Structure formats: C-alpha cells, structure tokens
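Quick mapping for you: the protein sequence lines, in order, are chains U and W.
Here the first sequence is numbered in my numbering, starting from 1168 and rising by one per residue.
Here the second sequence is numbered in my numbering, starting from 48 and rising by one per residue.
None of these hints come from the bench; they were simulated from the model.
Source: prediction; values computed, not measured.
Where is the CB? At the ideal position from N, CA and C, for every residue including glycine.
Some clues are possibly wrong.
[Unchecked claim] FRET-style restraints, in silico, Cβ to Cβ:
1. HIS169/W - GLU1998/U: 49 to 59 Å
2. PHE1628/U - VAL56/W: 39 to 49 Å
3. SER1581/U - SER145/W: 37 to 47 Å
4. PHE1628/U - GLY60/W: 26 to 36 Å
5. GLU1998/U - ASP160/W: 37 to 47 Å
6. HIS169/W - VAL1174/U: 17 to 27 Å
7. PHE1602/U - HIS211/W: 37 to 47 Å
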Amino acid sequence: MKIPYVVRLALRELRASRRRVGVYMGSITLGVAALVSINSFRVNVASSIHGQSRMLLGADLELRARQPFPSPVRAVIDSVAREGTPVSEITSLASMALALRSGLTRLVDIRAVRGRYPFYGAIETLLQTGHNTLVDSTVLIQLDVTVGDTLAIGESRFVVIGALTRVPGEMGLRAAIGPRVYIPARYLDETGLLRFGSRARYATLLAMEDQHRDAFLERHRELLRSHSVRIDTATEREEDLTQSLSLLARYLGLVGLIALLLGGIGVASAVHVFVKGKLDTIAVFRCLGATQRTMFTVYLLQAVLLGFIGAAVGVALGAGVQTFLPTLFADFLPLEVGRALEWRSALAGLGIGVWVAVIFALHPLLTVRNVPPLKALRSEYERHRRRDFPSYLTYVALFASIAWLSSWQAPNRSIGLGFTAAVIVTTLVLWGVAFLAAQTIRRMVPRSAPFSLRQGVSNLFRPHNQTVAVTLAVGFGVFLLATLYVVQWNLLQRLRITSYPERPNLFLFDIQRDQRTGVETLLRERGLPILDITPIVTARLADVKGRTVDELRRDTTEDRSRWPLTREYRNTYRDTLVASEELVAGTWWSDRPRAPPSRRADEAYSLPRISVEEDIAQELRVGVGDRITWNVQGRLIETVVASIRRVDWARFETNFFVVFEPGILEDAPQSFVTLTRADDARVRAEVQRDIIMQNPNIAALDLTLVQDTMDRVLGSVALAIRFMALFSLLSGAFVLVGAIATSQFQRMRESALLKTLGARSWLITQILVTEYFTLGTLAAFTGVSLATVAGWALTRYFFELTFRLPTLSLVGVWLLAAALTTTIGMLGSREVVRKAPLVVLRDMGE
Amino acid sequence: MLRDVSLTVEPQGFVAIVGPSGSGKTTLLGLLAGLERPTVGSVRLAGTDLNALTEDQRARFRAEFVGFVFQTFQLIPTLTALENVLVPIELRRLHEPSFDGAEPERRALDLLDRVGLADRTHHYPTQLSGGEQQRVALARAFANAPKILFADEPTGNLDAATGHTVIDLLEALNGEAETTLVLVTHDPELAARARRVVRLSEGRLVPDTVRIGR
C-alpha cells in the first residue's frame, strides 16, 4: 500500500522534532496513565464485588436491629431455621479488651458469633470451641499481644487463637476505627457486657437461595420493618459497595483528569513554540506549491501521531500503576481486587489521550494555515494573525471536549459540568495570578540589581516564553496538593488535644449508677480531675406533634427520613448550656421557670421541657412549642420543645440531640459518661487498666486513640487523593521539562553570546538559577495562594470549622516547589553552561 | 513599495533585477511569483492572471510552473538532500494525481548527480556546506521542470568561488531545461551574465537600463 505523501511528510518532519515535541507529548502520558489506572481499577473492583457478592455479607440475608429481636421476629426466624435454613447470629458491642500480659487496654468491637458464620468466606470453625477469640491484626499491635495470649473481655477471659487481616465485606479502614474481636456467643453472657445502656447491635444471618429469600422478604418485610429490623441482602450490599467504591474511583478519576488537562496545556504550549520554529519551513513549502490545507494536515497528523505515542505509553504506564492501586486503596476495599488491566479502560484512555493532544494542539496549529509563502523571501515578514471563525471554533471544541470528558469521568453529568466550570475558573484565576505576579517581579527588579538577577528575570519574558504556561501547569499541581494539605491539617488540628490544654482527653462510658462512686474515687486517687459527669438516658420516640411514629412512618405523602423516627436516642438532662452549644430559638429553662400545672393558659409550659438540636429538629419537623412524647424504657413522657440548639459536633465533648430539663429523668435507668484529663500517656493507660479491671463493662475512649484513628482515616483518604494529584504535579513537571527542552536552543544562543562577550560559566549558572528559581517561586506562589483560599473556603463552609493557616508548612511547600523547579531546570541546562561558545554559534549558524 | 512598474519577461529569458537595498527587488519578485497580490495592477504568468487565483490555486500554479532559489537556501532542515529535491514533485502530484511522476526518485538522483552531489543524497542540510546546500536547492528548483525560475540573491550567502560554481550550474541547468530565469542580485558581475537587467530605485524601474545585449 502506498502511504499518502502528507503522511510521509508528517513522518519525515517528525524525525527531527520528536525529541523536542516528544517530551511534551509525555505530559499526556501521565494523565492517560492516571485515568487508565483508576478506571481499570474501578471496573476490577466492580467485577470482584460481583464475583464475591455473597462473601460480602457472609450470608444471603442479614437482619439487623439495635435491640434483641422481639418475639414475633424471633418466631419467624425460628420457623425458617426449623425448615432447614442455616441461621447464624452476631451480637456486636463496643467494649474494652484488656491484655493480661501487657496490661494494655483498647476499645474494640466485640462480635459474639453463634452458628456457622460466615456461610460464605473464610473464618468459620475456629470459634466453635472454647474461650477462644479471633482479633484484628491491629489489636495484636496495639495491645502488644501475640497468638496464645489472653484477653480480658468484660468479666471473661479469651485466648487469642488468630489474627484477621481482612473481614469480607468490610473496608480495611474499619479495623482502625473499631478493631474487631470475635468471640463465641455462648460466652457473651459470661462477660457481663450486655448490661443496661450498652450499645449492642443484633444481627441474624441467613443462608438461602435467591428465590427463597425473596419469598421470605415478601412475606415478612412489613413485620420486620414495624419492629425496626433492618434488612440487608447480598445483592443490596453488592450494589451499595459497588456504588460507593465506584463513586470514590470516579472522583479520583476527576483528579486524574486534571493531570491530563494540564498535559493538554503542555501540548498547546509545545505546539505553539514548535510551530513558531517551523514558520520558515512552512513558507518554503508554500513557495514550492503546498496549499494551506496540506501544511495544516501535515502538522495535525504529527500531533495525532505524537498524541497516540504519548497515550500508548500512558496506557502501558497505567497498566503498571493499576496493579499497585489495590494495595494503595487497601483501607477502602472490602475484598481482594483483581489486578488485570481492563481493556475497555485502556482503549478509552488511548482514545482520550489522542483526543486531548489533538484538541489542545488545534488552536496553535491554526497558525500553520496563515503562513505566507513570502516569508521564505523575507524572514522578518509576519502577517498579522487574525482571529477567524475556525479559531473561535477551536475554543468551542476545546471547552466542549473538557465538559464531555468531565461528564464522562464524573459520577453524573451535573458534577461533571460543575467540575468543568471549576477547572476553567481555577485555570483562569491561576493564569491571572501568574500573569500579575510575573509582571510584579519584572517591575520589582531594580536597574541597580546584579546583572545575573536582571538577566535571569528578563529571561522569563523572552520572545515565545512559556512562563505563564509553566506557572499554570506546575502551579496547578502545587495547588491541588497544597489544598489537600491545608484541609487535612485543619481537620486534624481540630483534634489535637495539645492545642486545647483545658479539654478532656479520656472519656469513660457506660458507668452504671452503682459504679459511679468507685470510678470517681479511683480518678481522684490518681490526682485526675473530673471534668464532667453526664447522665445518659436512652429513649425512643412515641409520637411527634400528636402523631405516632408508626403513623408518621407510614405516611408516604411526606418525604422524610426514617432514621430520626426509629433510632434510639441517648438523651441527657442538665440545667446549663455547654461550651459547644448555642441557643438559636426559644428559651433555656433557667431563663423561664416551668409554669405550675394549674395554669391552663400556659399549658405547654406545664409539660417537661426539652431542647432539640437544630438539624434533628429539622428532620423531625418540630419547632419551639411542639410536643414530643418519649418512650423512656417503657414509660411514656410527654414533653414540649422549649428551645433549639446549634451544636458544634466537631468538639470532642459529650454532645446530645436532645437535652431534658432537670427534674424529669433523674429516676430513670441511666448510665454515665465521665470526662477527665491525663497528660501522661502512662498514667492514662494505667487508669484505664485499673478501671477496666474493677468495672469490665466500662468503655474508655482515649482521645489520642481517636486522634490516631482520625490520622489514619484522613491519611488514607488523603493518600488516595494525593496519589492522583501527584500525577498533576508530575504533569506540571513534564510541562516544565518540555518548556526547557523547546527553549534550549534560544538559551544556548543567549549564553554563547554572553560567553563570547566575556561571561564566565559561573555567571551563566547564576542567570539560569535565577531564571528557574523565579519561575518555580512564581508557580508555587500561585498554587499556594490559591490553595490557601480554597482550603479556607472548604474548612469554613464545607467542614464548618475555624480556619487556621499552616504558614510554616506552606512556606516549606513553596520553597520545595521552587527548589524542584530549579533542580529540574538546571539538570536540563547542563549543556548550556558546559558547551563552548564557538561550537554553539557554529551549530546555529546554519 | 512599487509604483508604475510594467515589465514583460519573454519565455526562456534571463532577467536580473538589481537595485539598492529597499528599492523593492524582493517585493517585485514576490509579486511575479504570485507569493503576494498587488494592491493595484496585475501579474500574468505563463498566460494566467495570478490576481484571479485563490491562495490554493496559486499554490497549485507554483507547484506546476514555478521554481525557486533563495539566498538562505531554505532547505527543509528535517529532510535529506534527496527528500528536499523530491518535495516539488510530490507536491505537484498532490495537486495533479495524473501528473507523470514516473520514477521521481530517479529524476531527483539525476539532478543531484548533475549538481555534483551524488554522494551526499542522504545527508541532512546541517551536514552540508553552504555551497552544497545551494546546489541541493538548485536541484530542487529544477525538479519539476518549471517554466520560470525565481532566484533571490542565490550567491548572497556564498564565497566568490562557490558562488561562481553555483551560477555556472544555474545557467547550465537553465539552458538545458529551457526555463525562464528571473534573478534578484546585488552582484554586478552576476547581473552582467543576464540577458536583460532591470534596475529598481525607490520602487520604480529606471528606464535607461532596461536592456543589455549579450
């Protein structure tokens, strides 16, 4: 087959320019790699979940409730069990585990298992005999125990017979939040943990064929619902998990897409410089009879070809990266995920890479059409470049492409379009800041400044410079990483107890009435302050504004969430507001004493008064003056909403949805939470151990542990985002490398001239360092300043926290980015410094 | 730039356009070759009114009828000597798929042989000396057997001896191909070799120097 001349010409032209343009096409590579890896990973996750859906639940059907199943539900379960359906039960509750050998304690998630759990998966029979326990491997580390050691759980003792590395169906991160400790259910009573106020969860797992399960649900769904039993099937679990992980992957994909778009900016910048260098050649071709279209096609073909090569390398790189993603995202994954490259993601990545390369190259390529042949005779001849219809068309195509790509990658179209808008606005703002900063730097350098400084800075403004493009590309990467850092820092800062010396750092839960004095004495003996003692009374809603919870739940005309109606409320009573609360409506009881029951006119205020948190008030649709009847462990208490409070939930204190006025609940069954503070970690550990030894049902929460957990959770989330954002920073670096490569020629000539005029290599080095350091400073400044604004907005409005600026770290980021830019720049310019001037000038004389 | 210029060049003629810098020589050459349109007046080349042609039609016209030699050689740096010579033939075939381009490579090699570069065919411009580059440019100019050849200071960037060689070759090839030659030059010696010298001054033709017999 004969290859058309334009193709051959494009290939020939490419031979000489591939080194210069090729490096730019590399910026496409990283973006494609990011997209291919994350999308392939997403598909693999979905297919792994699908393939192992039954293992996710360990059963086909799970019934869950916050209290033991009532007898009608029990009867239904017993009847299917009698028919031969395998049934297993798990009672879970948070409690302390104490390692006898090390004396260390930790709040863990006890799971008492009865029956053959799981029906699908791996951890069965080990628990069938004896006082044995299986624990999360994190427990081994945190309590300093090994297999064979004994754990005290409640009033019972269990021998650790194995460590779990993964529980099917649960994210790895779950182990950090509440490490799981499995024990045989027959010993649960022995532990004495199931006391009043313990927050146990009850689950029954059933193994049944789909058909059988559907029939079962059809028959009993109403009964289960009416007893607040939640139903989960393996299929639903599969859908939920697939959806949430796919959402995560799609959001991460958007971060990856930024890398690709930055690569696009790199391509546009490269093609712009490339075409400028080709104007003479194009003019000669035009003299020899080539049409505008021929020349445009030749260069467009080159863009396609380079885009294809860049994207293909990206696919290969992506294939490598995605084998590593299941490890990176292990904390989020509920199961083993395949590591094979998914071909549709690979093909899509290839196509998108080529498309982005071409669409970004299109606008600068239009210059090719306007090269007049006369330029071959007069090199200074420049025809005025007019913005014509095709030129506007390329902009439209570019923005449409970004919008389409974002919508394709995003979880839904509106998020995609929002992302497009955000990318465009961020780009414009970055561009603006970069431009202004560059102009300021230029003006700031006085005439009296050293020559190297003046020359270095003015190099940033040489003809065909790519200062703004590089600033934008590097700046975007810095912006993403710095924003992430600022937000993460602010979230964690919130939890730093060291920053709040007066706040409690040890919480003791589930203290029974008869244990209260003992605990207080123990704390006092150790010299620890009792910062707060809060009573907790559990209750459920009976009716709201005169309508029973059942009525409200059945009412389909109102679109309201069910959980506020059916949940178990953990209420308290007290006479004052606490520091984390603020009254937004109504009056606090101390401001207005209760009216005596005799005053009928003020009937509402003769009822016990409660204060409701504003969000839950909104969910329940109640306001000041509305009545709510509570079922406090069998006794109905009618109350009236006297005030609405705003609660700062982020403060680690005992916060409540509902607070009762004193004098109502004092005699109700209740448990207590005691808050104390011990700065010495050893003292904290000992106090916990001694309290647990004496009162095994009490749960202690060490805030440093919460902090570590949050560190770990936020760390895992941030790691995933940072990993994708890193592609953007690398793309930025690639654009930088490309910019250096394309302007190498110019830099060589300038340096050769300076050397000819007597400059020593040291001066040339100084000039180059100034140039790159200024460039890096500019890019990092742009990224860091925008990250500060974005971080502030996210912290203040999304997380609703007070914003603090991690100044020192941001200065560090700034300097690091500047140093990296300088290093990359200097590495790319070794030739410039080293080469003898005559060699350069002779080389360039052609 | 140019005013009241009326000039007819006969087929197979050899015309030199001379004049000081800024007198309009290159502008005249650009107009004659159809690289630019005159604001007033017309240019007819080989019977065709260039003004009536679109950009693309003029490109096609150049591919078919016109050859160029430039002062700075203007070889395509990314192509080898042979590929450079092939460019006009290939471009012409793009315009006219029926164009008899039988064995274009043979023709290009012959031309390179004719200019004495048979052993440099696969060299890139940067690997050739100035004189060699201009000889490749000559081969390229004649590749399509153009009707008219425009040369802009073809010896301007060469030393005297090399310049002589190039001009000798140019004349010889011109004679063989029976091409009309229009040459812009500063060099009086070179101009003296033309059959006709057109002198320009401040954009106008100087009448008393129109013809020199040979």
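Comparing the hints with the structure gives:
no.	hint	result
1	HIS169/W - GLU1998/U: 49 to 59 Å	violated (27 Å)
2	PHE1628/U - VAL56/W: 39 to 49 Å	holds (48 Å)
3	SER1581/U - SER145/W: 37 to 47 Å	violated (56 Å)
4	PHE1628/U - GLY60/W: 26 to 36 Å	violated (51 Å)
5	GLU1998/U - ASP160/W: 37 to 47 Å	holds (38 Å)
6	HIS169/W - VAL1174/U: 17 to 27 Å	holds (21 Å)
7	PHE1602/U - HIS211/W: 37 to 47 Å	violated (55 Å)
Against the hints set out earlier in the document, violations occur for numbers 1, 3, 4 and 7.
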